[in-house]
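Engineer: Protein chains in written order, with the numbering used here: chain A, 1 to 172; chain B, 173 to 454.
It is possible that some hints are incorrect.
What follows is a set of in silico ranges between Cβ atoms, one per label pair, in the way DEER data are often shown [claimed, not checked]: (1) A:Pro121 / B:Met173: 34 to 42 Å; (2) A:Ile23 / B:Asp423: 34 to 42 Å; (3) B:Ala194 / A:Ser113: 36 to 44 Å; (4) A:Asn146 / B:Gly361: 15 to 23 Å; (5) A:Leu15 / B:Lys285: 56 to 64 Å; (6) B:Arg182 / A:Val21: 16 to 24 Å.
I should point out that these hints are in silico values taken from the structure, not numbers from a laboratory.
For glycine and all other residues, C-beta sits at the position ideal for the given N, C-alpha and C.
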Amino acid sequence: MSNRILVGQIANFLLFILLQVLIFKNMSLFGVAFVFPYLVFLLLVPLEASSILMVLLGFAAGLVVDIFYDTLGIHAAASVLLGYVRAGWLRIITPAGGYETVTIPKVQDTGLSWFLAYAFPLIFVHQLAIFYLEAGGFTFWWITLNKVFWSTLLTGTLVILLQYLFFSKKKL
Amino acid sequence: MRTLLLFIFRIRAFLLFVAFEALCFWLIFTNNPYQSAAFFNSSNEMAATLLSYSSDATEYLNLAEQNQILNQENAILKAKLANIELLSDINKDTTILSGFGLSDSVYYYIPAKVINQSLRNTQNYLTIDKGSNHGIEEGMGVISSDGVVGRVKVVGRNLSTITSVLHREVLTSSVIQSNNSIGSVQWSGQDPTIAKLLYIPRHIIITPGDAVVTSGFSTVYPPAIPVGNIIDKEIRGDATYYDINIRLSTDFTSLKWVYVIGNKMKVEKDSIENITLDISEQ
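In isolation and in its complexed conformation, chain B is listed as follows (with noise of 0.2 Å):
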């Protein structure tokens, strides 16, 4: 015992050196953020916190664009406005339309920005940040200020993944706007801004050009929305139908805000269906 004690005695200078470098240490991993995360390896916290101010960034860097975009949108808006004022005004005397005016429109629309995207696979998805707290529902399909984008796939209580247009497997009820002879968009799994619209009986005269708009059949999209616009035209010898490719009207790779649709009727409206399904069927 006294030898260990006069051990300790003559280390003493040495003890204490060590017990006020584990003090320092001790501040230096409660106090400096910066050693704590590199020590303690925190690198998803790091990496996060990054990602975030990088975005943030990009946002800011876009916000140019992104006005021009809404300002677009803006005078889009205004006009049909002044359309609908115009109707309204014809049609005041008229007691036919009256449950009709805006207050009861079908469809509402919720606004969401797009957090995440992906371009390049043959089934593309987005993530938006709105989800179940914000009313947005399985189905619902999302629309840009310049046309369609999707429909709602995953919806979490505060983000929502979209099925986008690019994807193989979904198909897009549309009408060409000039002739409303009706077709499907279908992606062609390669280029972003191209897909094909199907199903167009060979008696259609089509013109290179036309607006290709959603038909309104199915309750994912109000009618006349933008899908595209027809590039060209090829029908084999003996086929039914054309081959039709239209450059699509939203531009996926500077997507930032989106829209999505919810539809009053919609329960109303499957439901109906279905069950004239069911008495067409016995």
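Bound conformation, chain A alone (with noise of 0.2 Å):
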């Protein structure tokens, strides 16, 4: 891993975690929709990064926003799943010469179908995670599913735009 995606990492730990904590708080869309933006920090680590790394990170990520939103350890839990589970991810959804180009999963590089079937299931589980440990546990099963559901599709829309607005295409 290079001096130049070592920064950019810590830059985008930095500027999206900043994101959700300053901005993206409080905001709900009808009581249902949630919009997690630190995940894009999550889902833009190199993908040669690996299962331990991933955890690590996830639980770090994970905490810091805990510290801010007052629920320590759910979204520390839901990113390290998220962590550990995309490793595996990405080795099922590798097409076989594996990629030539891309170590960053910038959507403007791996292009918007690849991400979409990479990053919707990763969100989704962290997604499931973070509503049903919020509720403490599967008293209110369609509630929280409903929240999972529209929670996914708001963070991952918002995901692939906030890609759109911080990132340019890599330089080739």
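Using the supplied hints, reconstruct the complex from the two chains, each of which is provided in its own coordinate frame.
Structural biologist: As structure tokens, then:
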């Protein structure tokens, strides 16, 4: 991992977590859709990152968000789950020859359809963990699932929009 | 051993994942009261908290009404005080009554709040927030600003149970104020606003609307505490006593504050009466 990429990752971490806790913290649509732009950071870690690294990064990012949300442990647990699942999911959706030009899976570089297939299941898993942990179990099964569904859609859309806003296409 | 280590090394990512999830869950349960409550099912505590909040809230909603009741009571007490001052002025020169000033009053009052109450049973009880720590004893009378409420049945350290007048087995010694005829008030068992006045013989003239007050013969209540007002009377051909319905003065449906009455002479009165009984039996 070159220094340039490392600096870029640290910048991502700060940028998207600050966005999350300062701007998007209290934002929700109709009380059912919530947005979690800090996932942009976790989704855009270079593809070759191992599960171990991803678990550590997920824990760090989740913990910072938790501190601001006063939900100690919930975002951390969900992000650790996302981090661990990501490596396996990537192995499944990577074509046989691997990726030649892509190290960071930005939507501009991977193409929209690949990014949707990559990001939405991960976001969904993350939201599942968040909302069921927050609800304290499966008592409010349908209400919680409703939140998970709409939040996944909204967060996924925002994750893509934010990339168009902050990143440019990789120069070849 | 080597294969085991290799195996552990191979699943190191998974183990790390599990370790971090465990750490996260520990954080969740130790730091978030809601999750702990939901998972560890401390529903009693939650319910209790909720109930105390709701009690506080309803108390707040009733403030206006309670204020009004207290105001009315104040007015009545002021009127009584004025009477007493008048009497003491009159009696200033006579030495006969000098031993019976206000400070020597036989009765004393302990205010208490009603925290639980039943109305719909045939035997109704109230719970108040004062107990033996506050000087409450078994058998004391309980009144509200409007009239009699009942008598203390069980005393705890900070709570007491009161047998309400709305109890089939409670008889309250009463008199009709206008003609001083003595009877007993007993609840009829259905309507919490209506009771029966028993043992009024047929030669007494009864007018609906007359006030029924405590007699003061028992040591439970002081004399002249309102019990109710006569609604109607009925007498069957050969009966000795009237059937009289009275409307109770105390509105049990909105009862919030009561006074427990202590009697400084209770022991003396009871013992002296028992001695009398013993002598007459010999």
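Engineer: With 36 to 44 Å as the target window, see if B:Ala194 and A:Ser113 comply at their CB atoms.
Structural biologist: holds, 37 Å
Engineer: With 16 to 24 Å as the target window, see if B:Arg182 and A:Val21 comply at their CB atoms.
Structural biologist: violated, 37 Å
Engineer: Starting from the range 34 to 42 Å, see whether the pair A:Pro121 and B:Met173 falls in it by beta-carbon distance.
Structural biologist: holds, 39 Å
Engineer: Is it true that the C-beta distance of A:Asn146 to B:Gly361 lies inside 15 to 23 Å, as the hint says?
Structural biologist: violated, 52 Å
Engineer: Could you check the hint for me, namely that A:Ile23 and B:Asp423 are 34 to 42 Å apart, CB to CB?
Structural biologist: violated, 57 Å
Engineer: State, for the Cβ atoms of A:Leu15 and B:Lys285, whether the hinted interval 56 to 64 Å holds or is violated.
Structural biologist: holds, 58 Å
The structure shown violates the earlier hints numbered 2, 4 and 6.
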